[in-house]
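Participant: Given the sequences, and given the hints that come with them, work out the whole structure.
Residue numbers (our numbering), protein chains in the order written: chain A, 30 to 141; chain B, 241 to 354.
Derived by calculation from the structure, the hints in this document are not laboratory data. Treat the hints with care, as some may be off.
Think about it this way: if two alpha-carbon atoms lie no more than 30 Å apart in a straight line, the pair counts; the simulated BS3-like pairs of lysine-lysine are [claimed, not checked]:
id: 1; chain 1: B; residue 1: LYS297; chain 2: A; residue 2: LYS30
id: 2; chain 1: A; residue 1: LYS140; chain 2: A; residue 2: LYS30
id: 3; chain 1: B; residue 1: LYS253; chain 2: B; residue 2: LYS297
id: 4; chain 1: A; residue 1: LYS71; chain 2: A; residue 2: LYS140
id: 5; chain 1: B; residue 1: LYS297; chain 2: B; residue 2: LYS241
id: 6; chain 1: B; residue 1: LYS297; chain 2: A; residue 2: LYS71
id: 7; chain 1: B; residue 1: LYS297; chain 2: A; residue 2: LYS97
id: 8; chain 1: A; residue 1: LYS71; chain 2: B; residue 2: LYS253
id: 9; chain 1: A; residue 1: LYS30; chain 2: A; residue 2: LYS71
id: 10; chain 1: B; residue 1: LYS241; chain 2: A; residue 2: LYS71
Short, incomplete list of chain B residues facing chain A, as computed with Cβ under 10 Å [what the hints assert, rightly or not]:
id: 11; residue: GLN246
id: 12; residue: GLY298
id: 13; residue: GLY302
id: 14; residue: ARG336
id: 15; residue: VAL340
id: 16; residue: GLN343
Where a beta carbon is used, it is the ideal one built from N, C-alpha and C, also for glycine.
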Amino acid sequence: KQEVTQIPAALSVPEGENLVLNCSFTDSAIYNLQWFRQDPGKGLTSLLLIQSSQREQTSGRLNASLDKSSGRSTLYIAASQPGDSATYLCAVTGRDGNKLVFGAGTILRVKS
Amino acid sequence: KAGVTQTPRYLIKTRGQQVTLSCSPISGHRSVSWYQQTPGQGLQFLFEYFSETQRNKGNFPGRFSGRQFSNSRSEMNVSTLELGDSALYLCASSPRADTVDEQFFGPGTRLTVL
Chain A
30 KQEVTQIPAA
40 LSVPEGENLV
50 LNCSFTDSAI
60 YNLQWFRQDP
70 GKGLTSLLLI
80 QSSQREQTSG
90 RLNASLDKSS
100 GRSTLYIAAS
110 QPGDSATYLC
120 AVTGRDGNKL
130 VFGAGTILRV
140 KS
Chain B
241 KAGVTQTPRY
251 LIKTRGQQVT
261 LSCSPISGHR
271 SVSWYQQTPG
281 QGLQFLFEYF
291 SETQRNKGNF
301 PGRFSGRQFS
311 NSRSEMNVST
321 LELGDSALYL
331 CASSPRADTV
341 DEQFFGPGTR
351 LTVL
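Facilitator: Structure representation (structure tokens):
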């Protein structure tokens, strides 16, 4: 059974810092990994999708890497801003097709 | 292109009642999945529909059911509501089910069971 773990559970940083969020998964037989952002009480916004054959994806200040063999992914946020404050979730798909298995998330607070 | 829409956004019910939630996927998307989000269990997969057929089901009791219509819109139903069913219910759509695509989520329906 696939399990996804995210570290740290919460993070508070001053504005302008670069930061890294970590995600690990137990079954390396994944098809893809997605990073999402969730604002309080809202739905999920897709940030980056990494296919299993890819090593990284970039969008603006965000960069996500994937090491499938070791079961790890990182989300790098450059020059953090208060508007980046949210919960960040990673999720993987595997043999069950479109079924996403989620981590518990990292709550990020960027202080101005 | 309009995103995934869910109705209603908020719902209050009492124990024992039943409820139906609706999800309209992004135009052209044929796969619709449902998730339950609670503070204690996080995000958990309920089921996925594609071409009006349930393709996959999570570990939830039979009180949770769903269906998909020919226009890809989906509904989920929860019968005999329990206090523990209070949650944010999220719907996600993706273009196909024969490949594993990026999924896009709606704003969710907040269900409160009293």
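Participant: Are the hints correct? Go through all of them and say.
Facilitator: Each hint tested on the structure:
no.	hint	in the structure
1	B/LYS297 with A/LYS30	14 Å, holds
2	A/LYS140 with A/LYS30	38 Å, violated
3	B/LYS253 with B/LYS297	25 Å, holds
4	A/LYS71 with A/LYS140	21 Å, holds
5	B/LYS297 with B/LYS241	29 Å, holds
6	B/LYS297 with A/LYS71	24 Å, holds
7	B/LYS297 with A/LYS97	26 Å, holds
8	A/LYS71 with B/LYS253	20 Å, holds
9	A/LYS30 with A/LYS71	28 Å, holds
10	B/LYS241 with A/LYS71	20 Å, holds
11	GLN246	8 Å, holds
12	GLY298	7 Å, holds
13	GLY302	19 Å, violated
14	ARG336	9 Å, holds
15	VAL340	4 Å, holds
16	GLN343	6 Å, holds
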